[in-house]
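Chemist: In case you want the letters, here they are:
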Amino acid sequence: MLTDLDWSLPMLQKFDRIVVVGGGSAGWMTAAALVSGLKGRATVEVVESEEIGIIGVGEATFPSIREFNQLLGIDEAEFLRATHGSYKLGIRFNDWLEVGQDYFHTFGHFGNLFGSQTLWAQHRRMAQARPLGEQCVPTVMAMKGRFVLPDEQSQFKYAYHFDAVQYAAFLRAFATRRGARHTQGRIVEVVRRADGGVAAVQLDDGRRIEGDLFVDCSGFRSLLLGDALGEPFVDFSHWLPVDSAWACPCERVGEELTPYTQSTALEGGWAWRIPLQNRTGHGHVFASRFIDEDRAREQLMVRLDGEPLVEPRLLRFTTGHRERFWVSNVVGIGLSAGFLEPLESTSIYLIQDGITRLMAALTAGRPLHEDELALVNDGSARRFARIRDFIILHYCLTRRRDSELWRHVATMELPDTLAYKLALWREFGVLHMQDEESFDATSWLAIHAGMAHWPERRDPVFAEVAPERAAQVLQGRRAAIAASVERMPQHHRMLQKVLG
Amino acid sequence: MSGQKFDRIVVVGGGAAGWMTATALATGLQGRASVEVVESEDIGIIGVGEATFPSIRDFNRLVGIDERDFLRATNGAYKLGARFRDWLEPGKDYFHTFGEFGNLNGSQTLWAQHRRTGQTEPLGLQCLPTVMAMHGRFDLQQGGREEFKFAYHFDAVQYAAFLRKLAMQRGARHTQGRIVEVLRCADGGVAAVQLDDGRRIEGDLFVDCSGFRSLLLGDALGEPFVDFSHWLPVDRAWACPCERVGEELTPYTQSTALEGGWAWRIPLQNRTGHGHVFASRFIDEDRAREQLMTRLDGKPLAEPRLLSFTTGHRERFWIRNVVGIGLSAGFLEPLESTSIYLIQDGILRLMSVLTAGRPLNEADPALFNELLVRRFARVRDFIILHYHLTRRRDSELWRHVAAMELPETLAFRMEMWRRFGLLHEYDEDPFYAPSWLAIYAGMDYWPERYDPVCGEIPAERAQQGLQWRRDGIAARVERMPQHHQVLQKVLENKT
Chain A
7 MLTDLDWSLP
17 MLQKFDRIVV
27 VGGGSAGWMT
37 AAALVSGLKG
47 RATVEVVESE
57 EIGIIGVGEA
67 TFPSIREFNQ
77 LLGIDEAEFL
87 RATHGSYKLG
97 IRFNDWLEVG
107 QDYFHTFGHF
117 GNLFGSQTLW
127 AQHRRMAQAR
137 PLGEQCVPTV
147 MAMKGRFVLP
157 DEQSQFKYAY
167 HFDAVQYAAF
177 LRAFATRRGA
187 RHTQGRIVEV
197 VRRADGGVAA
207 VQLDDGRRIE
217 GDLFVDCSGF
227 RSLLLGDALG
237 EPFVDFSHWL
247 PVDSAWACPC
257 ERVGEELTPY
267 TQSTALEGGW
277 AWRIPLQNRT
287 GHGHVFASRF
297 IDEDRAREQL
307 MVRLDGEPLV
317 EPRLLRFTTG
327 HRERFWVSNV
337 VGIGLSAGFL
347 EPLESTSIYL
357 IQDGITRLMA
367 ALTAGRPLHE
377 DELALVNDGS
387 ARRFARIRDF
397 IILHYCLTRR
407 RDSELWRHVA
417 TMELPDTLAY
427 KLALWREFGV
437 LHMQDEESFD
447 ATSWLAIHAG
457 MAHWPERRDP
467 VFAEVAPERA
477 AQVLQGRRAA
487 IAASVERMPQ
497 HHRMLQKVLG
Chain B
-14 MSGQKFDRIV
-4 VVGGGAAGWM
6 TATALATGLQ
16 GRASVEVVES
26 EDIGIIGVGE
36 ATFPSIRDFN
46 RLVGIDERDF
56 LRATNGAYKL
66 GARFRDWLEP
76 GKDYFHTFGE
86 FGNLNGSQTL
96 WAQHRRTGQT
106 EPLGLQCLPT
116 VMAMHGRFDL
126 QQGGREEFKF
136 AYHFDAVQYA
146 AFLRKLAMQR
156 GARHTQGRIV
166 EVLRCADGGV
176 AAVQLDDGRR
186 IEGDLFVDCS
196 GFRSLLLGDA
206 LGEPFVDFSH
216 WLPVDRAWAC
226 PCERVGEELT
236 PYTQSTALEG
246 GWAWRIPLQN
256 RTGHGHVFAS
266 RFIDEDRARE
276 QLMTRLDGKP
286 LAEPRLLSFT
296 TGHRERFWIR
306 NVVGIGLSAG
316 FLEPLESTSI
326 YLIQDGILRL
336 MSVLTAGRPL
346 NEADPALFNE
356 LLVRRFARVR
366 DFIILHYHLT
376 RRRDSELWRH
386 VAAMELPETL
396 AFRMEMWRRF
406 GLLHEYDEDP
416 FYAPSWLAIY
426 AGMDYWPERY
436 DPVCGEIPAE
446 RAQQGLQWRR
456 DGIAARVERM
466 PQHHQVLQKV
476 LENKT
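First to last, the protein sequences are chains A and B. Under the working numbering, the residues of the first sequence are numbered 7 to 506, in order. Under the working numbering, the residues of the second sequence are numbered -14 to 480, in order.
By construction, these hints were calculated from the structure, which means they are not laboratory data. Here the structure is a predicted model, which is why all the values come from computation and not from measurement. Be aware that a few hints might be false.
What the hints assert, rightly or not - Where chain A lies over chain B, by a calculated footprint (3+ residues, C-beta under 8 Å):
id, region
1, 218 to 232
2, 249 to 257
As the list claims (entries may be wrong) - Partial chain B-side listing against chain A, Cβ under 7 Å, derived:
id, residue
3, 359
4, 389
5, 390
6, 394
7, 399
8, 430
9, 431
10, 443
Note that CB positions come from ideal geometry on N, CA and C, so glycine has one too.
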């Protein structure tokens, strides 16, 4: 590694008392991971203000959530019951390329991505009129509303739709059972240390909670990292202009449950649809520069496919992240550290990534080194930048020009990291991956294919496969996938069975 | 051919290809088929490839050969890679070893940070076995993980003899005699070979290891030849071993670019192999011979021997019940020591078909052929790269290779490197990205741009990281023994 640690820098002190500020999913995921991983080597205290409430970020998730649950030893059925969860194979994007066109991004494979056998390239070369998605098991499952757990033959990843507020409650019970302390109270002051770190937080009832390490899970308010420490914000909103969301759950209608999130491009943003067991989440993420609040609200309400269960709620945000995620003895995890629109359901994934980095530093088995903070910060910033690029990809390839938003995203200058990748794809057909990617080449391919964005040139290596053989392989694979999906149960039946 | 079983396998030819094949078959099939090697002593062996590729170690392990026994039997020495002299310009040299150059992807990409921070020293100082080679060191201790691969220099004739003994111990039959006729079956395959003493050797599968003569695949079956000589014009070689001088042994092959080709130098325990591979279009035989003789660094041990060849391969490698392995199937100049590797590759693919536990079907030879053709094309491209990037214009050969049109696959890869700094890899390429990087770096051929993520690392930090790595490698190599000392110890080790 070029970025080996500089051991000449000072070591940081030990962290015996860890205080988690905020009790949403970020706070309780962090606390649950800390009490499980540190096994009593540090105390964990969560300071939560009930009256502030929780922003239920990310009801749709990324497959990594399963690893997190597995790591904590959470049983899947129990988790699904507690959170009204359902299975998610991926996302269906409606109207992104043009109105009336749709595609899927699932967490499956498209066969070989390398060399002469590259499946997408042979598919293109044989000038197949059929969508590439037919070569991807979970995409075909999603199209047909089926679900089974992956086995050795059909290797794909999946995630969940769930109620994040209930997940936080579930993890609170879990974490407190394992020794996390739960302190309720509103923080009125942050008491600083001489070195710039945080010494304690002062509650409104006079209590003072001291700690060696503070994890800021205070949400958009960013009480410690933003307010107290004043860490500057890296703003992505030029490329990702959406800055508001209307959210409104409605009644579940009918038996069927789509095993995917739906994202429909609208005039000034996009609308989500997330099916849970007991209700269907709806929302409209929009750019207030391009559409006004009321109009955005109306556009959401006409989309509901059931009786609304509450009044729609408005959220505001800025897309981007703090320059540093870990400053002195303060670590930001979740919205306090940064936010990306939920287009690819990465909020909970980014929380998890922050937790993983924190745990790695805390369980290194030696005092923490100041240089390691820089690595954590670099890695986290890089991860945000990669997801940013991947989300921009969904927008910038559009052919829509029917409103200001789409004209803006179709013509804006791109980050150079994304421009480089796009040029490699367009000119050479290479799915180039950088470090700290969350979305692998297959995911990039799903978006390129869905947005009908194909390379201009054909790698000469593809011609090494005889055309008849290529056609035969494609046809065989497509037929095998179709046949296997035909035998799978409907998603709601499978879910019913798991829930018991 | 569908569903056919091969109970009697006949290997035609007893050089390195023949005996490697027989050893692998006798070992891997464990008596499920008889293996008979038909060898004509009076024809003799072309001792191809005294320098090898790291895969030779996998082969030896697979057939259960102890390294010390092997090195003793073949006068072998260790090989970390090759040193290329005068290829870019006279006076310039570089190494291609089987090591890594740190990260090749993302913000930590070592070569890109090396460029970005304006380092003036060669990139090779960031590669452990390259620094070892530069200092003549060798060490088998690699710590926990394998940090580099290595190969051997050895006497291929002695290797064939060593394998003959082993194969026969394992049940292979050795039949001596000159083949005078090839008897065909109705389906176009081969039924038997007829020897000059009247014996007729029948078989179900024939492996053609008859060398350049290509007795079965070429002569009998008339399989056409795919000619690479436009891109790789060398077609002759003078070879002459000389006495070993002094104690030291370079742990690398040396390849020096000359007016009409290039000269090799391969150090063994008991002698030093020298040769001059040249293009007869561009230099005449006598002049090529002279250029070789003046290069010898010891007394010649034999008269120089001339070999002629054409670079390329048969269109198909497996037809009906005939499989070509070794020179009978194809040849690429020994610039990257791939001859024995290509033999091995053919053997492994043949073995995997024969041990699949199901009857053979039509698709097996088709796939075999497709993969080997691809493998040859990859090695071809990699060898062309060594020539094409030259800045030499001092003779016809170099003007030709610098200006010639390239195979499309190579042109595509080079363009991606030049314009985007991407080491684009293909399937079936025995040379991974670090090998391509070694040649690009050695030939001073750098991209116009690199991945912008490299800018995410502060330049001072990258600089420091590079310096630490280089110093760490230098310090480790400083503590390593000389190659000849390690070799001595391995050879003397009694167990």
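Chemist: All hints, please: hold or fail.
Modeler: Tested hints:
1. 218 to 232: violated (count 0)
2. 249 to 257: violated (count 0)
3. 359: holds (6 Å)
4. 389: With Cβ-Cβ at 17 Å, over 7 Å, it is violated.
5. 390: violated (13 Å)
6. 394: Because about 5 Å separates residue 394/B from the closest Cβ in chain A, which is inside the 7 Å limit, the hint holds.
7. 399: Not OK, violated: residue 399/B not within 7 Å of chain A, min 12 Å.
8. 430: violated (18 Å)
9. 431: violated (17 Å)
10. 443: With a closest approach of 9 Å, the residue 443/B hint is violated.
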